[in-house]
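**Q** Here is how the chains run, residue by residue.
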Amino acid sequence: MQKNALYILLADDDEDDRLFFKDAFEEIKIQTNVDFVHDGMQLMDHLLNPDNKLPDILFLDLNMPKKTGKECLIEIKKTERLKNIIIAIYSTSSSEEDIEDTFIQGANIYIKKPSDFNTLKKIINEVVTVNWHYHTSGLNRDNFLLRLK
Amino acid sequence: MKWIPNFNSSNSLRVIFVIAVFILLFLSSIAYKHNQDLNESSKLVMHTYEINIQLERLMSAIKDAETGQRGYIITRNARFLTPYIYSRDKVNTSFITLKKLTADNPVQQRNLQNLFKLIIQRFVSFENCLKYSDPKTYDKRKLDNHMFGGRILMENIRFKVDEMNDIEKDYLSKRLKIYAAEISLSPLFSVSLFLVALCFILLAYRQISRDFERLKVFNKRLLISNGLIAESEVIGKFSTWQWDLDSQKIDYSDNQFRLLGYEPNAFVPVKETFLDFVHPDDKETVSKSMEGILNKKQLPFVYYKIMLPSHEVRYFKSTGKLLTDQQGSKILLGINFDITDEHLLNIELQERNKELEKSNKELASFNHVASHDLQEPLRKIQTFISRVSDADKAVMSQSARDYIAKIEVSAKRMRVLIDDLLLFSRTNTTKKEFIKSNLNELLENAEAELTEIIDEKKAIITAAKLPKLSVIPYQIEQLFINLIGNSLKYSQPNITPEISIESEKVLSADYPDLLEQDVKKFHKITFTDNGMGFDPQFKETIFVLFQRLHSKTDYPGTGIGLAICKKIADNHKGHIIADSILNKGSVFTVFLPD
Amino acid sequence: MKLFIKFDINTICSLYLKQNLEQQNINFTSLGFGEIEIADNLDADALETLKNNLSPCGFEIVENQKSVLVQKIKDAIIELVFMDDSNNYKSSVFLAEKLNHSYGYLSNVFSEVTYSSIENFIILQKIERAKQLIIINEMSLTEIAFLLNYSSVAHLSTQFKNTTGITPSAFQRIIKKRRENLK
Numbered sequence: 001m002q003k004n005a006l007y008i009l010l011a012d013d014d015e016d017d018r019l020f021f022k023d024a025f026e027e028i029k030i031q032t033n034v035d036f037v038h039d040g041m042q043l044m045d046h047l048l049n050p051d052n053k054l055p056d057i058l059f060l061d062l063n064m065p066k067k068t069g070k071e072c073l074i075e076i077k078k079t080e081r082l083k084n085i086i087i088a089i090y091s092t093s094s095s096e097e098d099i100e101d102t103f104i105q106g107a108n109i110y111i112k113k114p115s116d117f118n119t120l121k122k123i124i125n126e127v128v129t130v131n132w133h134y135h136t137s138g139l140n141r142d143n144f145l146l147r148l149k
Numbered sequence: 001m002k003w004i005p006n007f008n009s010s011n012s013l014r015v016i017f018v019i020a021v022f023i024l025l026f027l028s029s030i031a032y033k034h035n036q037d038l039n040e041s042s043k044l045v046m047h048t049y050e051i052n053i054q055l056e057r058l059m060s061a062i063k064d065a066e067t068g069q070r071g072y073i074i075t076r077n078a079r080f081l082t083p084y085i086y087s088r089d090k091v092n093t094s095f096i097t098l099k100k101l102t103a104d105n106p107v108q109q110r111n112l113q114n115l116f117k118l119i120i121q122r123f124v125s126f127e128n129c130l131k132y133s134d135p136k137t138y139d140k141r142k143l144d145n146h147m148f149g150g151r152i153l154m155e156n157i158r159f160k161v162d163e164m165n166d167i168e169k170d171y172l173s174k175r176l177k178i179y180a181a182e183i184s185l186s187p188l189f190s191v192s193l194f195l196v197a198l199c200f201i202l203l204a205y206r207q208i209s210r211d212f213e214r215l216k217v218f219n220k221r222l223l224i225s226n227g228l229i230a231e232s233e234v235i236g237k238f239s240t241w242q243w244d245l246d247s248q249k250i251d252y253s254d255n256q257f258r259l260l261g262y263e264p265n266a267f268v269p270v271k272e273t274f275l276d277f278v279h280p281d282d283k284e285t286v287s288k289s290m291e292g293i294l295n296k297k298q299l300p301f302v303y304y305k306i307m308l309p310s311h312e313v314r315y316f317k318s319t320g321k322l323l324t325d326q327q328g329s330k331i332l333l334g335i336n337f338d339i340t341d342e343h344l345l346n347i348e349l350q351e352r353n354k355e356l357e358k359s360n361k362e363l364a365s366f367n368h369v370a371s372h373d374l375q376e377p378l379r380k381i382q383t384f385i386s387r388v389s390d391a392d393k394a395v396m397s398q399s400a401r402d403y404i405a406k407i408e409v410s411a412k413r414m415r416v417l418i419d420d421l422l423l424f425s426r427t428n429t430t431k432k433e434f435i436k437s438n439l440n441e442l443l444e445n446a447e448a449e450l451t452e453i454i455d456e457k458k459a460i461i462t463a464a465k466l467p468k469l470s471v472i473p474y475q476i477e478q479l480f481i482n483l484i485g486n487s488l489k490y491s492q493p494n495i496t497p498e499i500s501i502e503s504e505k506v507l508s509a510d511y512p513d514l515l516e517q518d519v520k521k522f523h524k525i526t527f528t529d530n531g532m533g534f535d536p537q538f539k540e541t542i543f544v545l546f547q548r549l550h551s552k553t554d555y556p557g558t559g560i561g562l563a564i565c566k567k568i569a570d571n572h573k574g575h576i577i578a579d580s581i582l583n584k585g586s587v588f589t590v591f592l593p594d
Numbered sequence: 001m002k003l004f005i006k007f008d009i010n011t012i013c014s015l016y017l018k019q020n021l022e023q024q025n026i027n028f029t030s031l032g033f034g035e036i037e038i039a040d041n042l043d044a045d046a047l048e049t050l051k052n053n054l055s056p057c058g059f060e061i062v063e064n065q066k067s068v069l070v071q072k073i074k075d076a077i078i079e080l081v082f083m084d085d086s087n088n089y090k091s092s093v094f095l096a097e098k099l100n101h102s103y104g105y106l107s108n109v110f111s112e113v114t115y116s117s118i119e120n121f122i123i124l125q126k127i128e129r130a131k132q133l134i135i136i137n138e139m140s141l142t143e144i145a146f147l148l149n150y151s152s153v154a155h156l157s158t159q160f161k162n163t164t165g166i167t168p169s170a171f172q173r174i175i176k177k178r179r180e181n182l183k
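Residue numbers (the UniProt record's numbering), protein chains in the order written: chain A, 1 to 149; chain B, 1 to 594; chain C, 1 to 183.
If you are wondering where the hints come from, they were derived from the structure by calculation, not from laboratory data. The structure presented is a predicted model; accordingly, all values stated were derived computationally and were not measured. Every residue gets a Cβ at the ideal spot worked out from N, C-alpha and C, and that includes glycine. Please note: incorrect hints may appear among the correct ones.
Here are some of the chain C residues that sit facing chain B, going by a computed Cβ distance under 8 Å [unchecked claim]:
(1) A154
(2) S157
(3) K161
(4) T163
(5) T167
(6) S169
Start from the sequences and build out the full structure, keeping to the hints where you can.
**A** Structural data, given as structure tokens:
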């Protein structure tokens with residue numbers, strides 16, 4: 001479908017989650033490159049470095065050391081160069097407040113970390129597909145809200 | 001104020017005294033007049049006697065003259081003529097005196113005039129007698145004539161004198177009669193007046209002594225109530241002070257001294273005294289508010305600290321008002337309350353509040369722990385199990401496969417438990433924002449949430465028109481999800497689940513045991529299903545946390561769902577009840593305030 | 001002040017494409033649906049320049065025939081969904097007639113290239129339109145449901161929820177708050 005693989009960045013301090021994430025991306029059909037950062041500070045350093053390519057989708061854990069996902073989200077949305085990155089919150093929390101709050105702060109997707117690997121694959125597949133549609137089919141990114149359980 | 005005695009008698013007393021004084025004045029004036037009258041009458045008597053005497057003197061002078069003349073005529077001795085020569089002067093003197101005495105009486109004056117004429121005639125006759133008796137000019141006939149004429153004149157004079165005396169006497173007796181009449185009346189009058197005055201004074205005395213008694217009673221009462229006020233100041237830990245702005249005199253109530261750590265009246269307060277007691281931190285505030293009273297005539301409560309001589313710190317609350325009394329003098333009335341106890345209690349309360357807040361925060365953080373940290377390992381357990389592929393399982397022993405399956409089931413159950421617990425605690429802790437919502441929309445959302453199981457069971461859900469109410473939307477949605485989910489879960493096998501949702505407006509008065517009576521109208525929303533139902537004896541207990549009617553192997557559940565429903569109904573000041581017939585169906589009724 | 005601007009993606013894209021091509025002095029004719037015919041053959045360098053020029057706005061030169069067809073399907077679906085009288089058409093018929101292929105073929109190609117179905121894409125587009133209509137806030141959900149050919153509001157709500165994970169009202173609320181937040 002596209003020449004260049006989709007560039008995915010996951011910010012999560014949990015090693016197991018990063019592993020599941022990597023495995024899941026490897027098993028879906030769409031071609032992707034997946035990168036990881038371990039905390040909020042590292043994420044912001046990575047994004048703010050102009051030499052680094054910006055991710056097509058940023059998966060952001062809310063509960064991270066040094067800088068929380070919510071802080072990163074607000075910072076990204078305030079930075080002109082970064083504010084158009086599609087952001088998927090990837091969190092254990094299913095609190096309605098967290099969900100609505102991050103959407104309001106500009107997140108596009110909210111994923112509650114599933115407790116089943118197949119579900120994870122399904123979710124990731126859906127995110128990538130929908131994102132691709134948004135990318136290619138003239139859909140308005142401002143209206144891009146997706147909540148996945 | 002009721003207890004001030006009404007001394008009206010003072011007015012009547014005043015009247016009585018004035019009357020008595022007038023009577024006494026009257027009496028004394030009468031006495032004075034009597035005195036005057038007596039004086040007058042004695043003067044009158046004197047006057048009459050004097051006239052009498054003078055007249056007699058006049059007569060005797062004339063007689064002396066007559067006798068002297070006669071003697072001269074007989075003897076021709078000139079010595080006999082001496083009284084005659086002097087008699088003329090004596091007559092004149094008496095006559096002048098008489099004229100003075102009778103000045104006030106024209107009748108007597110006229111008589112006197114006549115008398116005088118007669119006397120002059122008499123003296124003329126004397127001269128003539130002398131002339132004609134003189135041997136040189138002796139004329140017996142003429143002498144006899146004159147002598148005889150003198151005799152007649154003498155008779156006339158005597159007559160005249162008697163007449164005048166009579167007139168005087170008449171006068172005297174007439175006047176004396178009037179005086180006697182007056183004087184004979186006055187003793188009776190005086191005595192009766194005196195008695196009246198005495199009566200009045202006695203009356204006044206009686207009134208005074210009665211008032212005095214009353215005064216004593218009221219005084220006693222006043223003392224008691226004063227004592228009570230002082231006592232209540234002690235009990236109520238407050239005190240009063242008055243500051244007379246005109247005389248700059250400041251009065252403290254006894255308790256004011258005590259509150260400041262002194263014996264009553266231990267010192268004489270002046271304007272600055274009070275500020276000396278105020279804690280240095282609050283001095284400025286208090287002195288400002290004192291100024292404020294003078295301008296605004298009223299003082300809102302001021303709160304400050306007081307430092308006792310013993311260096312103990314007490315907390316005071318004060319208020320005051322500027323009063324103007326009937327005399328127009330301005331008095332500042334102040335009340336101080338010693339609120340140390342309340343203050344300390346408040347502090348304690350605040351501390352407890354803080355503790356409560358702290359423990360609430362702890363609860364919230366526990367919530368977070370449960371929502372995140374506890375789920376984290378569980379999720380991983382589940383995910384790792386899901387990563388054990390069928391191929392992996394194929395090479396396992398049968399028992400290992402069974403264990404894996406059991407771990408999976410237990411982990412799933414734990415997940416449900418944690419999720420439900422979270423949901424339950426969230427209905428408590430999250431902010432309760434009431435928004436006017438269309439319950440039909442919320443029901444649609446709930447149905448959308450349950451699409452999967454509705455489709456799976458091919459359930460038929462019919463809903464009437466539901467009201468628009470001010471609710472916490474996601475909680476009502478949760479309530480609908482739980483109730484419908486419950487009905488679907490406990491549907492009867494082989495029967496299409498049917499749930500009908502209806503709504504009607506009811507009066508809280510019709511459900512006195514269930515509903516809060518402050519709110520008049522409620523919406524009664526019923527969820528009727530054709531499921532397996534439950535034994536009605538459990539209709540109360542099913543709303544209790546962790547109460548389950550079925551074994552967890554038959555029907556997975558945590559016993560939290562209906563407890564959440566109850567909590568949500570409570571959050572909305574509503575109510576939820578259930579009823580059922582076993583194997584026929586259940587009815588859940590939710591009451592929500594209008 | 002708030003302005004809601006309705007725009008036609010196709011017109012904008014055509015215009016943008018035209019400007020870019022003219023800038024490079026390329027002689028072309030537009031065949032519609034993003035298909036253009038270039039009179040002369042472009043050398044590799046010119047093609048690369050064109051690619052680079054177009055990419056900032058998400059334009060891509062589709063090189064594969066199937067991809068071209070998928071792009072045509074997508075454009076046709078967008079046209080259908082954003083048509084005000086779309087109720088009159090059945091999407092499969094509309095696509096088959098428009099693109100001159102059987103619906104089965106189109107469906108297969110689409111799934112093969114995009115890993116999702118035409119139906120899903122249609123739903124995505126319909127929900128996208130619903131989102132726009134919700135934001136403009138001139139129509140009630142009932143009207144939107146009718147306009148987008150849904151049998152009921154419930155159906156729209158359910159599909160909205162299934163597609164986006166949130167309810168239409170939550171969507172409306174979030175977008176409103178997000179805008180306030182930006183201010």
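**Q** Each hint needs a verdict: does it hold in this structure or not?
**A** Hint check:
| no. | hint | in the structure |
| --- | --- | --- |
| 1 | A154 | 5 Å, holds |
| 2 | S157 | 5 Å, holds |
| 3 | K161 | 4 Å, holds |
| 4 | T163 | 11 Å, violated |
| 5 | T167 | 5 Å, holds |
| 6 | S169 | 7 Å, holds |
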